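K.L.:
Residue numbers (our numbering), protein chains in the order written: chain A, 268 to 830; chain B, 268 to 830.
Honestly, the hints are just simulated from the structure, not real lab data. Worth double-checking, as some hints may not be accurate.
The list makes no distinction among identical chains, and a pair is therefore deemed to hold if it is satisfied within one copy or across any two copies.
[What the hints assert, rightly or not] Derived lysine-lysine pairs resembling DSSO-like cross-links, with alpha carbons at most 27 Å apart:
id, residue 1, residue 2
1, K451, K597
2, K455, K597
3, K306, K320
4, K707, K597
5, K671, K707
6, K306, K455
Remember, it's a predicted structure, so these values are computed and weren't measured experimentally.
2 protein chains.
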Amino acid sequence: MAAELTAHQLIDRHRPTLDQALETIRTRAYWSPHPEHPKAYGENGSLDAAAGKAAFDALLGTRLDLGQPGTDGWVGGEVSPYGIELGVEYPHVDLDVLLPAMKAGQRAWRDAGAEARAMVCLEILKRIADRTMEFAQAVMHTSGQAFMMAFQAGGPHAQDRGLEAVAYAYAEQSRTPDVAEWTKPQGKRDPLALTKQFTPVPRGIGLVIGCNTFPTWNGYPGLFASLATGNAVLVKPHPRAVLPLALTVQVARDVLTEAGFDPNLVALAAERPGEGIAKTLATRPEIRIIDYTGSTSFGDWLEANARQAQVFTEKAGVNTVIVESTDDYKGMLANLAFSLSLYSGQMCTTPQNLLIPRDGIRTDQGAKSYDEVTADLARAVDGLLGDDARANALLGAIVNPDVKARLEAATGLGEVALASREVANPEFPDAVVRTPVIVKLDGAKPDDEAAYTSECFGPVSFAVAVDSAAHAVELLRHSVREKGAMTVGAYTTDPEVERSVQEACLEEAAQLSLNLTGGVYVNQTAAFSDFHGSGGNPAANAALCDGAFVANRFRVVEVRRQA
Amino acid sequence: MAAELTAHQLIDRHRPTLDQALETIRTRAYWSPHPEHPKAYGENGSLDAAAGKAAFDALLGTRLDLGQPGTDGWVGGEVSPYGIELGVEYPHVDLDVLLPAMKAGQRAWRDAGAEARAMVCLEILKRIADRTMEFAQAVMHTSGQAFMMAFQAGGPHAQDRGLEAVAYAYAEQSRTPDVAEWTKPQGKRDPLALTKQFTPVPRGIGLVIGCNTFPTWNGYPGLFASLATGNAVLVKPHPRAVLPLALTVQVARDVLTEAGFDPNLVALAAERPGEGIAKTLATRPEIRIIDYTGSTSFGDWLEANARQAQVFTEKAGVNTVIVESTDDYKGMLANLAFSLSLYSGQMCTTPQNLLIPRDGIRTDQGAKSYDEVTADLARAVDGLLGDDARANALLGAIVNPDVKARLEAATGLGEVALASREVANPEFPDAVVRTPVIVKLDGAKPDDEAAYTSECFGPVSFAVAVDSAAHAVELLRHSVREKGAMTVGAYTTDPEVERSVQEACLEEAAQLSLNLTGGVYVNQTAAFSDFHGSGGNPAANAALCDGAFVANRFRVVEVRRQA
Chain A
268 MAAELTAHQL IDRHRPTLDQ ALETIRTRAY WSPHPEHPKA YGENGSLDAA
318 AGKAAFDALL GTRLDLGQPG TDGWVGGEVS PYGIELGVEY PHVDLDVLLP
368 AMKAGQRAWR DAGAEARAMV CLEILKRIAD RTMEFAQAVM HTSGQAFMMA
418 FQAGGPHAQD RGLEAVAYAY AEQSRTPDVA EWTKPQGKRD PLALTKQFTP
468 VPRGIGLVIG CNTFPTWNGY PGLFASLATG NAVLVKPHPR AVLPLALTVQ
518 VARDVLTEAG FDPNLVALAA ERPGEGIAKT LATRPEIRII DYTGSTSFGD
568 WLEANARQAQ VFTEKAGVNT VIVESTDDYK GMLANLAFSL SLYSGQMCTT
618 PQNLLIPRDG IRTDQGAKSY DEVTADLARA VDGLLGDDAR ANALLGAIVN
668 PDVKARLEAA TGLGEVALAS REVANPEFPD AVVRTPVIVK LDGAKPDDEA
718 AYTSECFGPV SFAVAVDSAA HAVELLRHSV REKGAMTVGA YTTDPEVERS
768 VQEACLEEAA QLSLNLTGGV YVNQTAAFSD FHGSGGNPAA NAALCDGAFV
818 ANRFRVVEVR RQA
Chain B
268 MAAELTAHQL IDRHRPTLDQ ALETIRTRAY WSPHPEHPKA YGENGSLDAA
318 AGKAAFDALL GTRLDLGQPG TDGWVGGEVS PYGIELGVEY PHVDLDVLLP
368 AMKAGQRAWR DAGAEARAMV CLEILKRIAD RTMEFAQAVM HTSGQAFMMA
418 FQAGGPHAQD RGLEAVAYAY AEQSRTPDVA EWTKPQGKRD PLALTKQFTP
468 VPRGIGLVIG CNTFPTWNGY PGLFASLATG NAVLVKPHPR AVLPLALTVQ
518 VARDVLTEAG FDPNLVALAA ERPGEGIAKT LATRPEIRII DYTGSTSFGD
568 WLEANARQAQ VFTEKAGVNT VIVESTDDYK GMLANLAFSL SLYSGQMCTT
618 PQNLLIPRDG IRTDQGAKSY DEVTADLARA VDGLLGDDAR ANALLGAIVN
668 PDVKARLEAA TGLGEVALAS REVANPEFPD AVVRTPVIVK LDGAKPDDEA
718 AYTSECFGPV SFAVAVDSAA HAVELLRHSV REKGAMTVGA YTTDPEVERS
768 VQEACLEEAA QLSLNLTGGV YVNQTAAFSD FHGSGGNPAA NAALCDGAFV
818 ANRFRVVEVR RQA
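Only chain A is shown next, with the shape it has when bound in the complex (with noise of 0.2 Å):
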C-alpha cells in the first residue's frame, strides 16, 4: 500500500518541532508549541471550543468502533463527575486475537527507524492537538476538572508531555549512529577493519494503565516514549476515564494507516466494570514495558509481579510544604490557597502537611502565629473560592465518591481550620464540587502522626505545628523517604532553614520549589523544564521525562562484518 503521508511530508512538517523540543530538554528554557489559550484553537484546522463542544456531544452515546481485531463485545458505562452518561461504547477485546495482531507491523515500524517514528508520533500529537477543544470536554466529562483545566492540562500541556517523550526516545535512539566504520592499527599489518550496523530494537508490546484524573496527562509520555522507541502500545483506561484515551487510540490508528504503518500498533483494551484485566495484561508474556499511573498498592504489585516487563510507575504520596518564614506573606497565602484548591486538591502533585512552628512565623507582616497563618490561609482559600463561579471553575468535580467519602472524614482528623463547603454548579446540578477542608494536627502528637504520614487524596490538607524549622526537616526527610513525595514546598527567608530543606531534598530525591508567591504554583510541572517526580523516592520509580524514562524501552543490536 502507498502510504497517504510519506516520510518526507512528515519530516517537513515536524522536523523543526521535534529539533526545538531536542533543544529544549537541553537548555529547559520555556517552550511550547501547543497554545494554553482557547482563542488559539479554531484557526489552522484545529476546532474552536464550541466546535469541541459539538464533536464530543455527537459522540455521546455512539459506538466506537476502532476496527480491532479480536474485538469480541462491547463495553462502556462512564458517567460523568459532572452528571453526564457518556453512553459511549469501546471494543472489548480477545486478548489472544488482540497480541499477536498487534505484533504483526512491528518489523516495519521498527525498520522504518528513530526518526520516522517520531515523525508519525508528532503527526498523531497534532491531530490530537487540532481536537484540543474535543478532548478538553473528554476530560472534564471523565476527571471532573474545571473546564479551563481539562483544556490546558488535558490538552497543550499533556501534547507537551507526549512531545518531550519523543524528543527524549529520539535523542537516547540517535546516540549510537546507524552504521560506524571501525579501522584499529595492527603496527605493519593490515588494520583491521570493521563495518557495523546499530539498530535501536523494540521490547515488544507496551502497556499504559492509565488513571481516572489526568487520563492524557498522564499517559501520553508512556504511550509515546514505547511507540517512538519501535514498541506497539496497548492503552488500558481507567474504566471512568475510558474516552480521552479511546480518541488518543483512534487519532493514533487513524495516523499509523495512513502513514503506512499497521495501525494495530496502537490498541485499546477497555474493560468490563469490575474485570480487572490490567492484572492479567500486566503479566502476559508479550507486555514488555508498563507504564501505569495510580495507587501505591497496584504499582508496588506491578513492579514486584511483572517481572518480563520494565515497569515504570507514579504512585502515590504524601506532598508538604515547610512554612518557616516569607517577606510576601499576602503572596505566600494566596499561592498556597490556589495550590489547595486546584481541581480540589486531586492531583498526586497537591500539599497535603503544611508545616508551620508552633511558636509562629516571621513575615513581611510581622509575627504570625501558627493559629494565624492557619486561619489566614483559611480566610485567603475563602476568598479564593468565595464566588461560586469562581469556585467552580477553579475546583471542578469530586471525581469519585471515595474523594468525597476521605473529605467528609477529615473533619474527624484534628481541630477543623477551615470547613469544605459544598458548591452549587448551576450548569450540572448533578456535580459534586466542594471546597477543601484544613484540619490542625500537631506534629508532636503520636496521635495524629497516623493521620498526616497517610496520603489522604483530595481536598484535604492538614497545618501541622512542628516544634521548629530543624523539626519541619526531619518531618520532611522521614515522610518522603517512608511514603514518598510528588512535590515539596518550602517558605524561608533563613539561609540556613533554606539550606537544610534544599539538602534534604537533595538526599531524599523530592523536587522542590521555594518561597513560590507568584503564579506558578508548587502543584504544576512544565514539560521540556520541570521534572515530575524524581524516580528516586517511593511516590514514583520514574521521573517525566528524562533519559532513564526512554533508555531501557528499546535495545540495540549491532551487526558487524569485516569491511
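Assemble the complex: chain A is given as a structure, and chain B must be docked to it using the hints.
P.N.:
Just chain B now, with coordinates in the frame of chain A:
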C-alpha cells in the same frame, strides 16, 4: 584538608581524554588511550613487565590493609589456577560499621558535580593503567588467563570499559544544565520567571559482585558507572579473584583521599570461604545498585530479590555460530579455531553451538560435507594448538575444577570430533591446561537437545547437524529466546540466509558477527564501539555500555525559585 590533587589539575590532565571518549561513543570508531602492546609500558611512570611482575611478587603473602572502617578480621586463600598460593590477606568487614561510613562522604562527592567525579575516576584509571603489568599478573593468577590475555583484557581493555562507563555517566548527567532560567510570557502581564537548579543525586551505595574469569573487565563498568554518578561503591569480589579488585579499591581510595574526598566512597567486602555474603549484601537497604557477573541462577535470584536496588546482570547464555557457506573456508576455520581456543573457551562470549547443515556447505574450496567441516575445524584447532608453547599462550589454565569436570563429561554427550588434550606448562607444572573438545550432535534428535540447549561453560563446543539454513535459524531463535546469548556468529554467502539470521538477531536482541575470517573474533568486543551483550535476551539484562546502563544510577533533583 587541602586536596593534593585539585580539580583544575585533574581537568588539565584528563578532560581531553574524557572529551575523546565522549566523541568516540558517538562515532563508535576505533580509539583507546590504553596501549595493548607490552612495549608501551615502562615509560611515563608505568611499570614494565618485569617491574609489574616484581610488584606482584612483593604482594604475595602480605596483608593488604585498606584502612577500611569496620575491619573485623582478615581473609584470603586465593590459589592461582597456575598453582601458586597467593597468600594475600584482605580485610573482612562488619557491614554495620562499614556501610554507614561509606555514606559519610556522599554529600561532598555529590556536590563536587559530574565533571569533578569524572576527573577523579579518570585519575583512578590512570593509576591503574600505570600498574597494568602488575594487574596483568594479578588477573593471570586469579582467572587462569594466559599472560598476554590477562595483560590485554585485564589491563587496557578493562580500563577502556571503565572509561567508557565514565563517559556515558558524564554524558547522561550533563544532559540537564546545572541552572536554567525559565520565562513564560503571560500576554500583557509580566512573564512568569523561575530560576531552576538541577542536581544529579546518587541512589546510595552501588554493589559490584565480581566474577572469577574477568574480575577487572567485568567489574570496572559497574564500579565506574556508579562512582561517576555520585554513588559510593562496595566491591564484593569472587573469592577466587580478589586481588585485582582489591588493588583497584586501594588505588581508588588513594586517589579519592588525594583529591580531598572520603576514601570510604570505595570499599572492599572480601569474605571467608563459604561465607556467601553476596545475598546478605544484595538485600541491605543501603545497597541501591547492583552490578553482577556470574551464574544465571544467582543473577535471577538477584533480579527477583534485590528489589530495593537497580540490578544489572550479566548471566550465562548459549552462543551460536551458524556455518552455512563461506567464500574463505580457510579463514573461517582459522577464525573459529581461535575463538574456540582463546582462554580455553572460558569466556561468556565463546561460541558453544556450531550449527552446520547435515548436507554440507558451499565454500571457495568446493562443497564440504558436515563431516568434512567438523573434521577440518578439528584440524584447524589442532594446528593452532599443536605447539605447546603457543597452546599455553592461547589457552591459559582451566579456572576451576567445575570447568574441568564439564570438559571431561562432554565426551559422553556424543561422537567426539576433536578430543581434548592435556598440555604441559613447563613454567607452572600444576596448571590444568586443556585443549577444547568438539562433540557432534544432531539438531533433529530430541535426545541431543538437552546438551546443546544448556550452557556448557568451558572448552566444549557442539557441532550440531541441522536440516537446513532455515532449521539453523529456527534453533538460533529458540536458543536465544530461551537461554540467551552474549554473541551470535554466522558464515554465509547467501543474502537470503544473511537477512534471515540478521532478522532473527534483531527480533531476539542478540549481537551478530557476520563472516569473520580475519583478526577479529566473535568473542571479542571493543569498548567505545561494540556493545557487549544486548540487555534484551536472557543472557544479560544490560549492555556494556549504553544510556540505560547509567541513566538510572542517579536521579535529578530540581530546586526552583521565583527569579
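K.L.:
Indicate, hint by hint, whether the structure satisfies it.
P.N.:
Now for the hints, and whether the structure bears them out:
1. Within a single copy, K451 and K597 get their C-alpha atoms only as close as 68 Å, which misses the 27 Å cut-off; across copies the closest is 23 Å, which meets it.
2. Proximity of K455 and K597 under a CA criterion of 27 Å is satisfied inter-copy only: 23 Å between copies versus 78 Å inside one chain copy.
3. In this assembly of identical chains, the alpha carbons of K306 and K320 lie at most 27 Å apart only when taken from the same copy (15 Å versus 78 Å across copies).
4. When the C-alpha separation of K707 and K597 is checked against a cutoff of 27 Å, the pair qualifies only within one copy, where the shortest distance is 21 Å, while the shortest distance between copies is 84 Å.
5. Taking CA atoms no more than 27 Å apart as the test, K671 paired with K707 passes inside one copy only; the shortest distance there is 19 Å, against 72 Å between copies.
6. Proximity of K306 and K455 under a CA criterion of 27 Å is satisfied inter-copy only: 15 Å between copies versus 72 Å inside one chain copy.
No hint from the list above goes unmet by this structure.
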